[in-house]
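Sequences listed follow chains Z and C, in order. Read in order, the letters of the first sequence are residues 1 to 361 in our numbering. Read in order, the letters of the second sequence are residues 1001 to 1185 in our numbering.
Simulated from the structure, these hints should not be mistaken for laboratory data. Just to be clear, a hint being listed does not mean it is correct.
[Claimed, not checked] List of simulated lysine-lysine pairs, DSSO-like, C-alpha gap at most 27 Å:
| # | chain 1 | residue 1 | chain 2 | residue 2 |
| --- | --- | --- | --- | --- |
| 1 | C | K1145 | C | K1097 |
| 2 | C | K1046 | Z | K66 |
| 3 | C | K1135 | Z | K62 |
| 4 | Z | K339 | C | K1008 |
| 5 | C | K1101 | C | K1046 |
[Unchecked claim] Every beta carbon over 10 Å from chain C, so not counted as near; a handful from chain Z, in silico:
| # | residue |
| --- | --- |
| 6 | F6 |
| 7 | I53 |
| 8 | A192 |
| 9 | A323 |
[Claimed, not checked] Over the 12 Å line for every Cβ pair with chain C, so calculated as not near, a few chain Z residues:
| # | residue |
| --- | --- |
| 10 | L22 |
| 11 | I27 |
| 12 | K34 |
| 13 | M39 |
| 14 | D59 |
| 15 | V88 |
| 16 | A159 |
| 17 | V200 |
| 18 | I226 |
| 19 | P236 |
| 20 | S255 |
| 21 | A287 |
| 22 | A305 |
| 23 | P326 |
Built from N, CA and C at the ideal position, the CB exists for glycine as well.
Residue strings, one per chain:
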Amino acid sequence: METLVFAGAAVVKILIVMVTVLVTVAILTLAERKVLSWMQDRMGPMEVGPYGILQPIADGIKLFFKEDIVPAGANRFLFSLAPILSLVPALIGFAVVPYGPNREIELYGVTIKPFIITDINIGILYILAFTSIGAYGIILGGWASNNKYSLLGGLRAAAQVISYELNVGLAIISVLILSGSLSMVTIAEKQAGSILNWNVIGMGHGGGIWWWVPVTQIVAFVVYVISSVAETNRLPFDLPEADSELVAGWMTEYSGMRFAFFFMAEYANMILVSCIASVLFLGGYHAPYPGTLLPDKLSWIEGIAWFTVKVYAFLFLFFWLRATLPRLRYDQLMRFGWKVMLPLALGNIVVTAIVVYFLRD
Amino acid sequence: MALAQWVKTLTFYEILVGMKATITVLIDRILLRKRKAVTLQYPHEKRDLPGTYRGMIALLRYDDGTDKCVGCDLCEAACPSRVITVISSEVEGEPMKRYAKEYYMDMTRCLFCGLCVQACPVDALAMTREYEWAKYNKRDLYLDKEQLLALGDRNFPVREKKLEFQHPNVAYFNIGHKNLPPKES
């Protein structure tokens, strides 16, 4: 009975999160085109529905009914496996993202956390491990297509993901020093209070009279944001896709639902990265003011609302960067990753560790 | 100088300037309503055409319904891309008068230069303002005389009188003797 209740609650939570993520993906495809067009004096999609708001549905139906082409000479098995390999890791990361306050409810004698699918104590490590698998999808897809552009895109993706995954990990370490835990919930709970306690500002880590000293993680935050843009292969780091050089990079030979899988994976990765950024640096579900406005029973609505606002702000930043910046050249990308981002992240770890060591006692 | 450059690099100054430019456009467009999209929603709204716009070519008629075309072949000679094919013939019972028995235009080749319209001695050709002639079948663009006349009828509803009625005192080379108007005294 208890196992059943636990499993049922887990399935319900998984369904809610998956539906939310996939609906957000659909919204993002439209929102990206709309935001880009507003920044470029255009209109974006306007035909399907009023102001084009039904465009994602039309796109989905179109992709679903399109012919599924496997090029001659392609490795059929890997060609079919690659989209799944890139979508599943993107979706699986949401299992440890706390999207609401850290509450517990009793249901038939089972304690359930309703606002996180599962609170494992190595949450952030789990996400890092699985998002790295997503790179395999890209590389294998590029190789299995039997196309030079796809292969070049896949190779670029490999180099880029390795370079920037490192910076993501190093940027996260300083946050882990502050929170002393790998669990996403604990990291978010440590930032409770107000906007001053968020890790970007980082007050409240000192003991005694030193409580006001900010252990600011702004450098780690900037490194994380830039590296996550690179990791999700978004402009200005979209070298694996690089429309003007490589047709569509590793996606060149994909069509129909397989292409849709890659597409969904890209947007799901964007959402995941935004979720991690808001949990790690912007206090997750905490409001920028102390406490909550709503009464205690309903304060979870406020928490989810703030989390949503933060995630969407990040997603807007992705669109904004895309509208503004041109693509980097390959050597610039590598130089930036290894010679700028990596020393910054390493230096930040050292400084944070020293400051925290002297503040704690 | 070098310090200022360093500060600019460290704070991503140039990138922030660019991002300010894009967000300004968005705010002006959505919040302040100062900008408008340059997009023209084509099938729903259309551009104003310039007065001298050269669209599809049409054959014209006189007000009594007869063709203006006299089958002189000058348009065919003038055409730089050999669009026009005229098969000229005599009007039965009027040996002095000729007309185009068949008249074809291959609009796939036409470059809308308007030389045929300028070449026509009787103003039988005209350029309309139609341009939405995308077809699924290329042969639909091989127009015959009926289609060209229909184009003219639809775009130029006000027809001219016959030349002899317009200028009764001028002798034209193609005036039928039967229909000569009485000269003004």
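Hint-by-hint comparison with the structure:
1. Between K1145/C and K1097/C the alpha-carbon distance is near 18 Å, which keeps this suggested pair within the 27 Å criterion.
2. Distance restraint check for K1046/C and K66/Z: the Cα-Cα separation of roughly 32 Å exceeds the 27 Å cut-off, and the hinted pair is therefore not satisfied.
3. Proposed proximity of K1135/C and K62/Z is supported: the alpha carbons are some 24 Å apart, at most 27 Å.
4. For the given pair, K339/Z sits about 18 Å from K1008/C by alpha-carbon distance, which is consistent with the 27 Å threshold.
5. Note on K1101/C and K1046/C: the hinted pairing is violated, with a Cα-Cα distance of about 37 Å set against a maximum of 27 Å.
6. Listed as outside the interface, F6/Z is consistent with that label: its C-beta sits roughly 46 Å from the nearest C-beta of chain C, beyond the 10 Å cut-off.
7. The non-interface label for I53/Z is consistent with chain C: the shortest C-beta to C-beta separation is roughly 15 Å, beyond 10 Å.
8. Distance check on A192/Z: its Cβ is at least 30 Å (rounded) from any Cβ of chain C, clearing the 10 Å threshold; non-interface status holds.
9. Not every beta carbon of chain C lies more than 10 Å from that of A323/Z, the smallest distance being close to 5 Å; the non-interface claim is violated.
10. Here L22/Z stays apart from chain C, with its beta-carbon at least about 27 Å from theirs, past the 12 Å limit.
11. Listed as outside the interface, I27/Z is consistent with that label: its C-beta sits roughly 17 Å from the nearest C-beta of chain C, beyond the 12 Å cut-off.
12. Once the 12 Å rule is applied to beta carbons, K34/Z is inconsistent with being away from chain C; the minimum gap is 10 Å.
13. At roughly 4 Å from the closest C-beta of chain C, the C-beta of M39/Z falls inside 12 Å, breaking its exclusion from the interface.
14. For D59/Z, the non-interface assignment is confirmed: its Cβ lies about 19 Å from the closest Cβ of chain C, beyond the 12 Å cut-off.
15. Consistency note on V88/Z: stated as away from chain C, and its beta-carbon is indeed over 12 Å from all of that chain's, at 34 Å minimum.
16. Listed as a non-interface residue, A159/Z keeps its Cβ farther than 12 Å from every Cβ of chain C; the least gap is roughly 23 Å.
17. Every CB of chain C is more than 12 Å from the CB of V200/Z (nearest about 16 Å), matching its label as outside the interface.
18. Taking the minimum C-beta to C-beta distance to chain C, about 9 Å, the non-interface status of I226/Z is violated against the 12 Å cut.
19. Separation of P236/Z from chain C is inadequate, the least Cβ-Cβ distance of about 9 Å not exceeding the 12 Å criterion.
20. No beta-carbon of chain C is positioned within 12 Å of the beta-carbon of S255/Z; the least distance is around 24 Å.
21. No beta-carbon of chain C is positioned within 12 Å of the beta-carbon of A287/Z; the least distance is around 24 Å.
22. For A305/Z, the condition that its CB be more than 12 Å from all CB atoms of chain C holds, with the nearest at approximately 22 Å.
23. Against chain C, the non-interface label of P326/Z is violated: not every CB pair exceeds 12 Å, the least being about 9 Å.
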